[in-house]
Amino acid sequence: MRLVVRTVSELCITVGTVIVLFVVYVLFWTGVQADSVMGDQIDRLQEQWAQGGVRPTGTADPGASVAPPKPPPYENGKPFAIMYIPRLGFTWNKPVLEGTDTGTLKKGLGHYSGTAQLGQQGNFSVAGHRRTYGDPFKDFPRLRPGDAVVLTDGTTWFTYRIDKGPYKTVPTDVEVIDPLPRKSGYTRAGRYLTLTTCEPEWGHSHRLIVWAHLDSTQPVEAGKPAALRR
Amino acid sequence: MYGWIWRHLPGNAWVKALISLVLILAVVYVLFQYVFPWAEPLLPFNDVTVDNQ
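Chains C and L are the protein sequences, given in the same order. If you read the first sequence in full-length UniProt numbering, its first letter stands for residue 1, the second for the next number, and so on. If you read the second sequence in full-length UniProt numbering, its first letter stands for residue 1, the second for the next number, and so on.
Hints in this document: simulated from the structure, not taken from any laboratory. All of these numbers come straight from a predicted model, not from anything done at the bench. Treat the hints with caution; some may be incorrect.
[As the list claims (entries may be wrong)] Taking lysine to any residue and the SDA-like style, the derived pairs with C-alpha atoms no more than 20 Å apart in a straight line are: (1) C/Lys168 to L/Glu40; (2) C/Lys168 to L/Asn46; (3) C/Lys183 to L/Asp51; (4) C/Lys138 to L/Trp4; (5) C/Lys164 to C/Arg142; (6) C/Lys138 to L/Leu43; (7) C/Lys138 to L/Pro41; (8) C/Lys138 to L/Leu23.
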């Protein structure tokens, strides 16, 4: 009898310890891992770009057009751009990878495959974690219309300006990443950007959305866009 | 349970303590490396997309 009681209490203590360890893992360790993985992804991109191996700069003359040359399709699970959002912090930058698989979203933000490519006509849609894995979109509700979302693919800087959001919706509302999202207030086709994350912070009952339009582009040779200068 | 393990470890108290420590570290490693990464997606924090595309 005493043996049974002792074993049961030992098991309870063990389970409790494992749960505490799991909380440590979710809250802390995923962040540590994600920071290092995202750093690696950004390093890899910058290395690629430094070698000039991604794609030719194209013939577009600087600043003249809002239409960069059409890039080749993105490779699933591979990084292709870096996103900067000054509102989320001056040093906030995250890699954007192709696809929104669980594994991909651990390494950075995920581009919905099937939506427009960066800077192209349509809706460039990106999802990111609100919590865990480095908390990339933790401060998502602080985004306001007029805020800049800057992306670079190694050859061009794309500055998007937020027009609407954060807008709360349900997970089945796939319309929000349509080329012309109905609730965004946009009335004609254009070059848009959609960011999605989960709401509430630790839950999954809703999603938060912001919409932005392409404001300006400039080649990387022209230096950082105004939105990123201090 | 732990008493049984302790009695079956070889050596004197110091050796037993050392082996126990290694065993604990091994268990924590397996948890962090294999068990938690498997269990974590079952929690709702991963659902950041619309319609789980």
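Hints, one by one, checked against the model:
no.	hint	result
1	C/Lys168 to L/Glu40	violated (25 Å)
2	C/Lys168 to L/Asn46	holds (17 Å)
3	C/Lys183 to L/Asp51	holds (17 Å)
4	C/Lys138 to L/Trp4	violated (47 Å)
5	C/Lys164 to C/Arg142	holds (12 Å)
6	C/Lys138 to L/Leu43	holds (17 Å)
7	C/Lys138 to L/Pro41	holds (18 Å)
8	C/Lys138 to L/Leu23	violated (37 Å)
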